[in-house]
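Put the two chains together into one complex, using the hints given.
Respectively, the protein sequence lines represent chains A and B.
Using this note's numbering, the first residue of the first sequence is number 83, and each one after it goes up by one.
Using this note's numbering, the first residue of the second sequence is number 42, and each one after it goes up by one.
This list has only true hints and no planted wrong ones.
A partial selection of chain B residues facing chain A, derived with a Cβ cut-off under 10 Å:
no., residue
1, THR203
2, MET210
3, GLN212
4, GLU215
5, GLY216
6, GLY221
Source of the hints: derived by calculation from the structure; they are not laboratory data.
All C-beta atoms, glycine included, are put in the ideal place defined by N, C-alpha and C.
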Amino acid sequence: MLEIRDLTVRYGAFTALHALNLSVQRGEIVVLLGANGAGKSTLFRTLSGLQRPAGGSATWNGTSLTTGRPELNVASGVAQCPEGRLLFPELSVEKNLRLGAFVHRRDPAGTARELERAYDLFPALIEKRHAPAGSLSGGQQQMVAIARALMARPQLLLLDEPSLGLAPLVVEQVFSAVQRVNETGVTVLLAEQNAFAALSIAHRGYVLEGGRLTLEGTQQDLMTDDRVRSAYLGV
Amino acid sequence: MLQQLFNALALGGVYALVALGLTLVYGVMRVPNFAHGGLYMLGAYLTYAALTGLKVGYVPALILSALGVALLAALMERVIFHPLRNAPHVHPMIAAIGVLFFLEALISHPKVFGPDFKQITEPLPGIVNLGGVTLTWQRLLIIAASVLVMLGLNYFLKRTLTGATIEAMSQNREGARLVGINTNRVGMLTFAISGALAAVAASLIAPINAVTPSMGEVMNLKVFAIIILGGMGSVPGAIVGAFLLAFTEVFGGFYISLDFADVIGFAMLVVVLALRPQGLFRKGT
Numbered sequence: 083m084l085e086i087r088d089l090t091v092r093y094g095a096f097t098a099l100h101a102l103n104l105s106v107q108r109g110e111i112v113v114l115l116g117a118n119g120a121g122k123s124t125l126f127r128t129l130s131g132l133q134r135p136a137g138g139s140a141t142w143n144g145t146s147l148t149t150g151r152p153e154l155n156v157a158s159g160v161a162q163c164p165e166g167r168l169l170f171p172e173l174s175v176e177k178n179l180r181l182g183a184f185v186h187r188r189d190p191a192g193t194a195r196e197l198e199r200a201y202d203l204f205p206a207l208i209e210k211r212h213a214p215a216g217s218l219s220g221g222q223q224q225m226v227a228i229a230r231a232l233m234a235r236p237q238l239l240l241l242d243e244p245s246l247g248l249a250p251l252v253v254e255q256v257f258s259a260v261q262r263v264n265e266t267g268v269t270v271l272l273a274e275q276n277a278f279a280a281l282s283i284a285h286r287g288y289v290l291e292g293g294r295l296t297l298e299g300t301q302q303d304l305m306t307d308d309r310v311r312s313a314y315l316g317v
Numbered sequence: 042m043l044q045q046l047f048n049a050l051a052l053g054g055v056y057a058l059v060a061l062g063l064t065l066v067y068g069v070m071r072v073p074n075f076a077h078g079g080l081y082m083l084g085a086y087l088t089y090a091a092l093t094g095l096k097v098g099y100v101p102a103l104i105l106s107a108l109g110v111a112l113l114a115a116l117m118e119r120v121i122f123h124p125l126r127n128a129p130h131v132h133p134m135i136a137a138i139g140v141l142f143f144l145e146a147l148i149s150h151p152k153v154f155g156p157d158f159k160q161i162t163e164p165l166p167g168i169v170n171l172g173g174v175t176l177t178w179q180r181l182l183i184i185a186a187s188v189l190v191m192l193g194l195n196y197f198l199k200r201t202l203t204g205a206t207i208e209a210m211s212q213n214r215e216g217a218r219l220v221g222i223n224t225n226r227v228g229m230l231t232f233a234i235s236g237a238l239a240a241v242a243a244s245l246i247a248p249i250n251a252v253t254p255s256m257g258e259v260m261n262l263k264v265f266a267i268i269i270l271g272g273m274g275s276v277p278g279a280i281v282g283a284f285l286l287a288f289t290e291v292f293g294g295f296y297i298s299l300d301f302a303d304v305i306g307f308a309m310l311v312v313v314l315a316l317r318p319q320g321l322f323r324k325g326t
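Isolated chain B, as found in the complex (with noise of 0.2 Å):
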């Protein structure tokens, strides 16, 4: 009982980081980043390369993985989504699509990673005992992780000027550029953030799950409902959605089949959102 509570905490703490960067994302740009998942997966695979390639460890892999995304993501933007920013909402959101396959694509590719799956050790090894309660290091390494990360994205985002403008530019652009806020800037950083957070997440469970191309494609549909569940451009709702999820995930699996998490995961988010159709965080407006 207690075990699957930290299995929940893990893993909500994995969908948390996710689902943060893809609501940022939404809120300041107003577009859903279908390609979040292949940043995600593409975290996974960088870490691997890191590690494989130029064998250094564990944690300056993750790090050199998140500043690849960042850059990566930041990139997208300024190719991908700041071109299309007037154009129909229909367009940016296909050519996200369409980046996601793409990068699926790219890293299924014999000559790049090939479509098998790859696994990372794990950097530490073995079981810990808190009380009765063994888990892995790794689970205990993920929920320390993700929850140093989060509060140091809050300190940003509500401490530091830089961070204000994400929120100013989601609460009213037009308010923002009348300030004197370069929005294009603000759109690449948040972009940036929001790729590193994605490949933190991935590097810190791909010791736990295998390391596949379509890994993004899952974890695409699980951050989409979480920050759906939570209300689109919430920051609260992203990480209140995704505990909600992990745990209705992960109890669901333990007491009534695992075969049906995911079915009891999305059964959630039906009645949520059949309650409070903006969500739970977003503004009844």
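Excised from the complex, chain A in its bound form (with noise of 0.2 Å):
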């Protein structure tokens, strides 16, 4: 499971998280609500080794993930799908998503299977796969972006606003497809503004506001909640 123990980060004397408590059981979808600079993506950042914390701890399944060495944190099974997609633009699809398995590159009968995967999961990659991901649609290349952090074969998926400037409908597919990917044992921390979306797949979910945790509660919990329908629902 994902633990994350007193975790504060600061940038300079900016403080963006406030000692977080947080935890996330294996196999569960949990949603992280919170506006914009509430602490979402700064959370992620420290998660995947990028930040490193100015206090307390975040682990999963025991492992340290705030070594600062963002590569052990792959490896020990926690990937990425960042907000902004990073995806390497004037590569091809199918390049992005062999460098998404960079950690088992002494697999590559591994490698791929889960390219196999990634193109069942997202049939409309296959006719891009030769094409510069830059080149592809917003919602395609928020496609190569989920698919290329499952290349890295994940225990845990963060992902950060995958809806972001998507149209609806894609949106839907781009959820879908983060069910099944949890349906098949996968863990998933989905950071969103999106409230809708995200809780309809969740099981759990927190609230973040201003780097602190404000409320948290099971999907009927937050979808009744006043303070959640209203900020967050636009009910």
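Next comes the structure, spelled out in structure tokens:
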């Protein structure tokens, strides 16, 4: 399981996360709701080893995620599909995916198998596999980004705002793909502003505001909570 | 006329090898490595030292020199550029200029090689007749070797996973870290490759030109012009820019005046940049 204890992250004098406590059980989809600047991406960057915390700990199945070496986090089963996708725009879709499996470079047979699964999950990518990733539509690029993270064969998938800037129909496709990935046993931590779509597939959720968790509960709790309804569901 | 064509091809091949290393390092580190000319100069001297000191043949000397400079370049990344990776861009630039001057002063020291030029004898003396065109074996060797090295580099970048990590890192550094690529290792590898390319280029052209401590500064000017022309960080841009500059210099020198060869080369740079400020191959962002 993912266990976050008193995690504090600072950028200079600004504290982005205040002693956060959060856990995700194996097999869950947990959604993290929050506005821009609430600290969602900071949390994700920290969990991927890109940002070192000022205090506290984050572990996945007991392995520390805060050593400051992202490649170790990927190798221990935590992969991120980041906000803004961060693809390699001039490389082909397939090369992007193969690089996603970089930590498994000594197992080409396994990578070939994962590549098959990625194309099964997102058949739209098959005919685009030799096209530069940057030439694809926003929705397809998001698919490449998710597939690239899955190529690392993660046990925990961190998904940062996958619906950002996508048409409603594409959002639906992306979220149903996330649900299918979860059904194969991958734990998912999902940061979203699109609360309705995210809550519809999540088991539990947290609300992050100004670097602090202000609310937590099951899907039902959050869906019916007045504060969530007014702030994130627009009801 | 045809003879000039071969001269331009040989010169362009050398420019391309040096410029490729520079553009790869820029792509990965986002830092213009002003010490690159120093590595080039060092490559020529290491070859000279291997030939005269170790008395090995030309090809083993070239390989030894490439390995030696590659190692030094990787060390330079570790000791100088890596600690400055989060500093403002001016800091690594100034450090690089410092390295260039240091290497030049070191080589010029009387107890090292001294300020006078050194001569490397041609491994294949004489000329060859290609359908009425005469050219030296050395120029033919330069053309063949530089094409071979460029094909090898292309294969490495496009067909191997390690090569792909270099391209990935230059296109999205953060993305590269997220898939588990060790960016430190890629940085060192890129520096090593750029050093080896510079050393090979210097060793190839050394038998035609003299080996001097200041040869690196001259080359620096030219390869920076080339990669600005081609687009900073672009691999095809470096190759096209190199041949463009070489052809302009050789044919400009031939038809107008040899004294004006450099003037014409840089005039072309100004014209191209006036029309396409981002360089020939850089996407307009």
